[in-house]
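Turn these sequences into a full structure, and let the hints steer you where they fit.
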Amino acid sequence: MPSVYVSSVIEAPLEKVWEVVRDFNALPRWHPLVATSQIEAGRPADAIGCVRNFQLTESGETIREQLLALSDVEHFCTYSILESPLPVKNYVATLRLRRITTTGQTFGEWQSNFNTPPGEEEDACATVKSIYEDGFAAIATS
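All residue numbers in the sequence shown are consecutive under the numbering used here, ending with 240.
Some clues are possibly wrong.
Stated by the list, open to error - In silico DSBU-like cross-links for lysine-lysine, where the CA-CA straight-line distance does not exceed 35 Å:
{"hint": "1", "residue 1": "K227", "residue 2": "K187"}
{"hint": "2", "residue 1": "K114", "residue 2": "K187"}
{"hint": "3", "residue 1": "K114", "residue 2": "K227"}
No lab work stands behind these hints, which were simulated from the structure alone.
Have a look at this one:
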């Protein structure tokens, strides 16, 4: 099972970053690859089990993800992909934030595990890694 791990030091305090990340429907606010997003069935964006349906900026394709866990104490969210144009199955990811106490910055970790069709592991991992890197690069300016 392939896995991807990306970490980053974000030039913003934990509270500011978490305020943006914890909103499961806020991807268009901070991720450059996401054009629009909506939570299905009118559920709150922090309800475990809610599903976000978002459209990608370049291709216009949609991805559906389900919120599996959200912790305001430990500052993480875990989600799975339900439908995606990416060649991944059984995808589960966690985005976790930690305070860097000496500097006031935020340490972000984004990791996932998933299955891919045979021969597509390398490309899928590179794509997911790029998505995480783009997100971390943009989040501090949100």
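Against the structure, the hints:
{"no.": "1", "hint": "K227 <-> K187", "verdict": "holds, 16 Å"}
{"no.": "2", "hint": "K114 <-> K187", "verdict": "holds, 32 Å"}
{"no.": "3", "hint": "K114 <-> K227", "verdict": "holds, 24 Å"}
The structure fails none of the hints (numbered hints given earlier).
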